[in-house]
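Going line by line, the protein sequences match chains A and B.
This note's numbering puts the first sequence at residues 1 to 360.
This note's numbering puts the second sequence at residues 1 to 515.
Do not take every clue at face value.
[To be verified] Cross-link-like lysine-lysine pairs, in silico, DSS-like; alpha carbons within 27 Å at most:
{"id": "1", "chain 1": "B", "residue 1": "243", "chain 2": "B", "residue 2": "171"}
{"id": "2", "chain 1": "B", "residue 1": "286", "chain 2": "A", "residue 2": "248"}
{"id": "3", "chain 1": "A", "residue 1": "42", "chain 2": "A", "residue 2": "159"}
{"id": "4", "chain 1": "A", "residue 1": "97", "chain 2": "A", "residue 2": "201"}
{"id": "5", "chain 1": "A", "residue 1": "248", "chain 2": "B", "residue 2": "467"}
{"id": "6", "chain 1": "A", "residue 1": "248", "chain 2": "A", "residue 2": "201"}
{"id": "7", "chain 1": "B", "residue 1": "329", "chain 2": "B", "residue 2": "370"}
{"id": "8", "chain 1": "B", "residue 1": "329", "chain 2": "B", "residue 2": "286"}
{"id": "9", "chain 1": "B", "residue 1": "79", "chain 2": "A", "residue 2": "223"}
{"id": "10", "chain 1": "B", "residue 1": "329", "chain 2": "B", "residue 2": "349"}
{"id": "11", "chain 1": "B", "residue 1": "79", "chain 2": "B", "residue 2": "28"}
{"id": "12", "chain 1": "A", "residue 1": "272", "chain 2": "B", "residue 2": "286"}
{"id": "13", "chain 1": "B", "residue 1": "79", "chain 2": "B", "residue 2": "51"}
{"id": "14", "chain 1": "B", "residue 1": "215", "chain 2": "B", "residue 2": "243"}
{"id": "15", "chain 1": "A", "residue 1": "42", "chain 2": "B", "residue 2": "163"}
{"id": "16", "chain 1": "B", "residue 1": "368", "chain 2": "B", "residue 2": "427"}
{"id": "17", "chain 1": "B", "residue 1": "79", "chain 2": "B", "residue 2": "171"}
{"id": "18", "chain 1": "A", "residue 1": "159", "chain 2": "B", "residue 2": "163"}
[As the list claims (entries may be wrong)] Here chain A is said to cover these stretches of chain B; the calculated rule only asks that three of the stretch's residues, wherever they fall, bring their Cβ under 8 Å from a Cβ of chain A:
{"id": "19", "region": "83-89"}
{"id": "20", "region": "93-100"}
{"id": "21", "region": "186-192"}
{"id": "22", "region": "322-333"}
{"id": "23", "region": "390-398"}
Bear in mind the hints are in silico, worked out from the structure with no lab data behind them.
Backbone N, C-alpha and C define an ideal beta-carbon position, used for all residues, glycine too.
Single-letter residue listing:
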Amino acid sequence: MKFLRTIHAEDMEDIATGGAILGTGGGGDPYVGKLMAQQAIKQYGPVNLVDIDELPDDALVVPVCMMGAPTVMTEKLPQGEELINAFRALEQLLGRKIDAVLCGEAGGVNSTTPFVVAAMAGLPLVDGDGMGRAYPELQMVTFTMHGVSATPMVLCDDKGNSLVLETVSNAWTERLARAATVEMGGSALLAFYSMSGAVAKKAIVRGTLTLCSELGRTLREAKAGHVDPVNAIVDKLDADVIFHGRIKDIERRTVGGFARGTARFEGVEEWKGHSFRLDFQNEFLMAERDGEIIVTTPDLITVLDAESGLPVTADALRYGLRLKALAMPSNPQWLTPAGIDLVGPRYFGYDTDYREYFGR
Amino acid sequence: MIRIGIDVGGTNTDAVVMDGATVIAGVKAATTADVMTGVVNALKAVLEASKMEASAIDVVMIGTTHFTNAVVQRRDLAKTAAVRLGLPATASLPPMVDWPEDLKAAIGGTGYLAHGGNEFDGRVISPLDEAELLGIAEDIKAKGINTIAITSVFSPVTGEFEKQAGEIFAKALPGVHITLSSDIGRIGLLERENAAIMNACLRDLSRHVIEAFRKAITETGIKGRFYLTQNDGTLMDAAFAEKFPVLTFASGPTNSMRGAAFLSGVADAIVVDIGGTTSDVGSLHKGFPRQATVAVEVGGVRTNFRMPDVFSIGLGGGSHVVETGGAIKVGPTSVGYRIVTEALIFGGKTLTTSDVVVASGRYELGDKSKVAHLTPAFIASTQARIMSMLEDCVERSRLSPEPLPVIVVGGGSILVDGPIGGLEVIKPNHFAVANAVGAAIAQVSGEVDRVYALAEIGRDQALADAKDRATEAAVSAGALRSSIEIVDVEDVPLAYLPGNATRVRVKAVGELHVG
Chain A
1 MKFLRTIHAE
11 DMEDIATGGA
21 ILGTGGGGDP
31 YVGKLMAQQA
41 IKQYGPVNLV
51 DIDELPDDAL
61 VVPVCMMGAP
71 TVMTEKLPQG
81 EELINAFRAL
91 EQLLGRKIDA
101 VLCGEAGGVN
111 STTPFVVAAM
121 AGLPLVDGDG
131 MGRAYPELQM
141 VTFTMHGVSA
151 TPMVLCDDKG
161 NSLVLETVSN
171 AWTERLARAA
181 TVEMGGSALL
191 AFYSMSGAVA
201 KKAIVRGTLT
211 LCSELGRTLR
221 EAKAGHVDPV
231 NAIVDKLDAD
241 VIFHGRIKDI
251 ERRTVGGFAR
261 GTARFEGVEE
271 WKGHSFRLDF
281 QNEFLMAERD
291 GEIIVTTPDL
301 ITVLDAESGL
311 PVTADALRYG
321 LRLKALAMPS
331 NPQWLTPAGI
341 DLVGPRYFGY
351 DTDYREYFGR
Chain B
1 MIRIGIDVGG
11 TNTDAVVMDG
21 ATVIAGVKAA
31 TTADVMTGVV
41 NALKAVLEAS
51 KMEASAIDVV
61 MIGTTHFTNA
71 VVQRRDLAKT
81 AAVRLGLPAT
91 ASLPPMVDWP
101 EDLKAAIGGT
111 GYLAHGGNEF
121 DGRVISPLDE
131 AELLGIAEDI
141 KAKGINTIAI
151 TSVFSPVTGE
161 FEKQAGEIFA
171 KALPGVHITL
181 SSDIGRIGLL
191 ERENAAIMNA
201 CLRDLSRHVI
211 EAFRKAITET
221 GIKGRFYLTQ
231 NDGTLMDAAF
241 AEKFPVLTFA
251 SGPTNSMRGA
261 AFLSGVADAI
271 VVDIGGTTSD
281 VGSLHKGFPR
291 QATVAVEVGG
301 VRTNFRMPDV
311 FSIGLGGGSH
321 VVETGGAIKV
331 GPTSVGYRIV
341 TEALIFGGKT
351 LTTSDVVVAS
361 GRYELGDKSK
371 VAHLTPAFIA
381 STQARIMSML
391 EDCVERSRLS
401 PEPLPVIVVG
411 GGSILVDGPI
421 GGLEVIKPNH
431 FAVANAVGAA
441 IAQVSGEVDR
451 VYALAEIGRD
461 QALADAKDRA
471 TEAAVSAGAL
481 RSSIEIVDVE
491 DVPLAYLPGN
501 ATRVRVKAVG
511 ELHVG
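Make the full structure from the sequences, and use the hints.
Take a look at the structure:
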C-alpha cells in the first residue's frame with residue numbers, strides 16, 4: 001500500500017491547530033487529543049496516512065470518535081484505553097479484522113483521536129472524514145446520506161463500562177448514545193459506522209486530515225513570516241471575513257448535554273458601528289449581522305483571534321475578546337436536500353432556511 | 001494618600017513615591033541576590049529623593065518578577081508532589097505530561113493519580129480513598145517533599161474532595177504546604193493543575209521573598225500597609241501573596257503598561273518597555289493591556305491565566321553589538337546587570353547598545369572617551385538595526401492601521417531615537433520607572449461568585465445584581481466608586497441543579513481611593 005505521508009509526534013501540532021479551525025467553535029479543544037496522539041505515537045510508532053483509493057473495495061474501515069460536551073473533555077481526561085477497547089470490541093462483533101481507521105469528524109478533538117487508535121492498532125489512517133468540519137450529533141455525517149448504519153456501535157467510558165448499540169436509525173443511535181454519554185459523565189469514546197472500502201470511497205469527505213495539517217502549517221508559517229495570519233487562513237480556505245469585533249455579551253446554557261448559547265459583538269475598525277451575533281450549539285451555527293442572518297449551517301463559521309489568527313472555541317469566548325469571524329463553504333454533499341435535512345438551520349431549531357452565502 | 005510603588009526586576013529594583021496622582025520622586029537601585037538589600041536601598045533612596053519621612057507613607061505596593069523568573073530560569077524551585085484526584089478517569093495524561101523536561105526535573109517530576117473527582121454534574125467519579133492518600137503521603141515523606149498541589153476533576157464545580165484530601169495530607173505531614181487547584185484556576189484540568197503545581201513549587205521561595213519585603217519595609221521605618229500586584233493589575237495583601245505566588249506571574253508587563261498609560265496620559269497606544277536584556281511590547285486599550293486570547297505559556301508550561309499579550313525580543317540597554325562580515329548583530333545576548341562593569345563606557349571590554357548611544361552623543365553616560373573610536377557609519381548602522389528591530393515588534397502589536405503613538409518606557413529607553421516605523425514616540429517623565437508607577441497605581445478589585453436560580457429572577461436581573469455586588473465589594477476594598485469598571489463577566493450553567501441554576505462570576509476593578 002502506498003502511503004500519503006507518515007505522521008510523527010511533532011506533526012500532530014499542525015493537525016491539532018487545523019482541526020480547531022475546522023472545529024467551527026466546537027468539536028472540543030484538540031489539545032487533549034493531540035497529547036494523547038503524541039503519547040500513543042511515541043509508544044507505538046508513527047501513523048501512516050493513506051488515500052482512500054489505495055484501499056481495496058472489500059477492506060473494512062472503521063471510524064472512531066470522542067462524544068460529549070467540550071467542557072467535560074478538557075476537564076475529565078480519558079482513562080486511556082477506552083478508544084482501543086471500543087475499536088477491538090467492534091472488531092470482535094464484526095468477526096473480522098479491521099483494515100484501516102477513519103476519522104469521524106475532522107473538526108476539534110476528533111481530528112486527533114483517530115491517530116491514537118491508528119498508532120495503538122498499527123493500522124493506516126484514511127485521509128478524510130465524515131463531516132469536513134465539526135457537528136454536535138453523531139448522525140450528522142456524510143455516511144448517513146450513503147445509507148451507512150452507525151451501528152453496531154461500541155461506546156466505552158473511563159470507568160471500564162462498555163455498551164453495544166443496535167438501532168433502527170442513526171437518529172436513534174444519537175438519542176440513545178447521548179443519554180448513555182450523559183450518564184457516563186458527559187464524555188464517552190466510540191467505534192461505529194463500519195463500512196467497506198467501496199462505500200467509504202463515495203461516502204467520506206476526502207483529504208480533510210491533510211487540510212488540517214496544511215491549515216496548521218499556514219498559521220505557523222504566517223507567524224514566522226510576519227504575514228497577517230487571518231488573511232493567510234482566508235486565502236487557504238477560500239473564506240470570507242464576515243465580522244471584526246469585540247464580545248460584549250455571552251449567554252450560555254447547557255441543554256441535554258450540549259453547550260448552547262449566543263455571543264453578541266460590537267464592531268471595531270472596518271465594522272465599527274455594526275453589530276454581530278453568533279448562535280452556537282457546541283459549534284457556531286448561525287451568524288447575524290446588523291439584525292440580518294447572513295451565514296447558516298452547513299456553511300462553516302469559524303472565529304479567529306484578530307491578532308494571532310488562532311481559532312477560538314465557543315467555550316473560550318470571553319467578554320471583551322477582539323475576534324474576526326470567517327465564513328467558508330461547506331462540502332457540497334451537505335447542500336443536497338438530504339444534507340440540509342440533517343444539518344440545516346431548521347434541524348437545530350432556528351426558524352430560518354439555509355442562506356446561500358457563497359452564491360452557488 | 002502617599003504611596004510607594006516598587007518594581008523588583010531581575011536587574012533593577014525601581015521605586016517611586018506618589019502623592020495622589022503626582023510622582024514626587026523615582027529611583028533605580030540594583031536588585032540583590034537576597035532581594036531585601038535591594039529593596040531597602042531603593043526605599044531609602046526614594047524617601048531621600050522625595051524628602052519624605054518614612055512615617056508619612058500610607059501604603060507600599062510591590063510588583064515582582066521574582067516568581068516568574070524562578071520558573072523561567074528553573075531556580076529556587078521546591079521539590080513538589082502533584083496529586084490528582086480522578087481515577088479511573090484522566091490516567092491517559094498524567095500530571096506534568098506537557099511540561100518541558102528540564103522544568104519537570106527541577107521540581108522532581110513527582111506525580112500521583114488517586115481516586116476521587118467529580119462529574120460535570122457533581123456526581124462522584126469515585127470516592128476518596130483515605131488509605132490510598134495516606135500511602136501517597138508516606139511516599140511524599142520518604143522523598144522529602146514538603147509542598148503538594150492537589151487537583152481534583154471538576155473542582156471548580158465542587159471543591160470538596162480537594163479540601164478533604166488537603167486535610168488528610170496536612171494531618172499526615174505536619175508543616176507541609178498545600179495548594180488546592182480550585183483556589184487558583186478554572187475549568188480545564190491540565191492548565192489548572194499546571195498553575196497549582198507551579199504555585200506549590202514556589203511556596204518555599206514565596207515565604208522567603210515576602211519575609212524579605214516585610215523586613216525591608218520595617219527596616220526603613222514604614223508602617224503603612226503592604227500589597228503585591230497580581231497579573232490582572234490589581235492588589236493582593238502580603239499574607240495572601242505568600243500562599244499564592246503564582247498570581248504574581250505577568251504582573252511586570254501589566255505594571256509597566258499601566259504605568260506608561262498613566263505617565264503619558266495616553267490610553268490607546270503601543271507600549272515598548274526596554275530593559276537591560278529584553279524589550280517587551282504590548283498594546284494598550286483604554287488604559288488596560290490587551291489580554292492574550294489563547295492559552296499562555298509560562299516557562300514552557302500551558303496555563304489558563306488571564307495575561308497581557310506581550311511580545312518580547314532580545315534587545316536592551318546591555319545587548320551585545322557585534323559586527324560580522326559587514327552586518328551588525330544586536331542581541332539577544334546581553335551583559336545584563338553587569339553593564340556597570342562590562343560596557344565600554346564603564347571601563348569594560350564589551351561593546352553594548354548603550355555604548356553606541358553614548359558615542360552618538362545623544363545621551364551622557366559613563367566615560368564617552370572610551371567609545372570615541374566608533375565611526376559615524378558604524379553608529380548609524382547600529383542605530384538603524386535597533387530601530388528596525390523595534391519597528392518589527394511594534395508592527396506585531398498594532399491593533400489597527402490607525403497611527404497610534406508608541407510609549408517608550410524602561411531603563412533602556414535611551415536606545416530609541418525618533419519615530420518607530422513612522423509612529424510618534426512618547427517618552428513620558430519618569431519613563432525609567434514606569435513599572436514602579438504601575439505598581440503604585442494598581443487597582444483594587446471586588447469579585448462575586450454566586451449561584452442564581454434563573455428560573456426565579458431571569459438572567460439580566462441576575463447579572464445586574466452580581467455587577468452591583470462586585471462594585472460594592474470593590475468599594476469596600478478601597479476602590480473609588482466613580483472609577484469602577486466591570487472587567488469580567490462569566491456565567492456557567494449548573495445543569496445538575498433545578499431551576500436553571502447558573503454560577504455567575506463578575507469582577508469589578510477601580511482605582512485605589514486616593515483621599
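Against the structure, the hints come out as follows:
1. A distance of roughly 19 Å separates the Cα atoms of residue 243 of chain B and residue 171 of chain B; the hinted pair therefore holds under the 27 Å criterion.
2. Annotation: proposed proximity of residue 286 of chain B to residue 248 of chain A holds, straight-line Cα distance about 15 Å (limit 27 Å).
3. Only pairs whose Cα atoms come within 27 Å are accepted, and residue 42 of chain A paired with residue 159 of chain A is accepted, the gap being roughly 25 Å.
4. Among the hinted pairs, residue 97 of chain A with residue 201 of chain A is consistent with the structure: their alpha-carbon atoms are about 19 Å apart, no more than 27 Å.
5. Of the supplied pair hints, the one linking residue 248 of chain A and residue 467 of chain B holds, its CA atoms being roughly 15 Å apart against a limit of 27 Å.
6. For a cut-off of 27 Å, the pair hint linking residue 248 of chain A to residue 201 of chain A is broken: about 45 Å separates their Cα positions.
7. In summary, the hint linking residue 329 of chain B to residue 370 of chain B is supported, as the alpha carbons are separated by about 21 Å, within the 27 Å threshold.
8. The hinted pair formed by residue 329 of chain B and residue 286 of chain B fails the criterion: a straight-line CA distance of about 36 Å is larger than 27 Å.
9. Only pairs whose Cα atoms come within 27 Å are accepted, and residue 79 of chain B paired with residue 223 of chain A is rejected, the gap being roughly 36 Å.
10. Restraint check: the Cα-Cα separation between residue 329 of chain B and residue 349 of chain B comes to about 17 Å, which is no more than 27 Å; the hinted pair holds.
11. The straight-line distance between the Cα atoms of residue 79 of chain B and residue 28 of chain B is roughly 34 Å, outside the 27 Å bound, and the hint therefore fails.
12. Pair hint residue 272 of chain A plus residue 286 of chain B holds up; C-alpha atoms about 16 Å apart against a cutoff of 27 Å.
13. Between residue 79 of chain B and residue 51 of chain B, the direct Cα distance comes to roughly 45 Å. Violation of the 27 Å bound is thereby established for this hinted pair.
14. For a cut-off of 27 Å, the pair hint linking residue 215 of chain B to residue 243 of chain B stands: about 18 Å separates their Cα positions.
15. Restraint check for residue 42 of chain A and residue 163 of chain B: not satisfied, since their Cα atoms lie roughly 36 Å apart, outside the 27 Å limit.
16. Between residue 368 of chain B and residue 427 of chain B the CA atoms are separated by roughly 24 Å; this keeps the pair inside 27 Å, and the hint holds.
17. A distance of roughly 20 Å separates the Cα atoms of residue 79 of chain B and residue 171 of chain B; the hinted pair therefore holds under the 27 Å criterion.
18. Distance check on the hinted pair: residue 159 of chain A and residue 163 of chain B sit about 24 Å apart at the alpha-carbon level, within 27 Å; holds.
19. Given as covered by chain A, the region 83-89 of chain B passes the check, having 3 residues with a CB less than 8 Å from a CB of that chain where 3 are the minimum.
20. Given a C-beta distance limit of less than 8 Å, the hint that chain A covers the region 93-100 of chain B holds, as 3 residues qualify and 3 suffice.
21. Counting residues of the region 186-192 of chain B whose CB lies closer than 8 Å to any CB of chain A gives 4, so the stated coverage by that chain holds, three being the minimum.
22. Note: the region 322-333 of chain B has 0 residues with beta-carbon separation from chain A under 8 Å; the three-residue rule is not met and the coverage is violated.
23. Note: the region 390-398 of chain B has 3 residues with beta-carbon separation from chain A under 8 Å; the three-residue rule is met and the coverage holds.
Of the numbered hints given earlier, the model fails hints 6, 8, 9, 11, 13, 15 and 22; all others are met.
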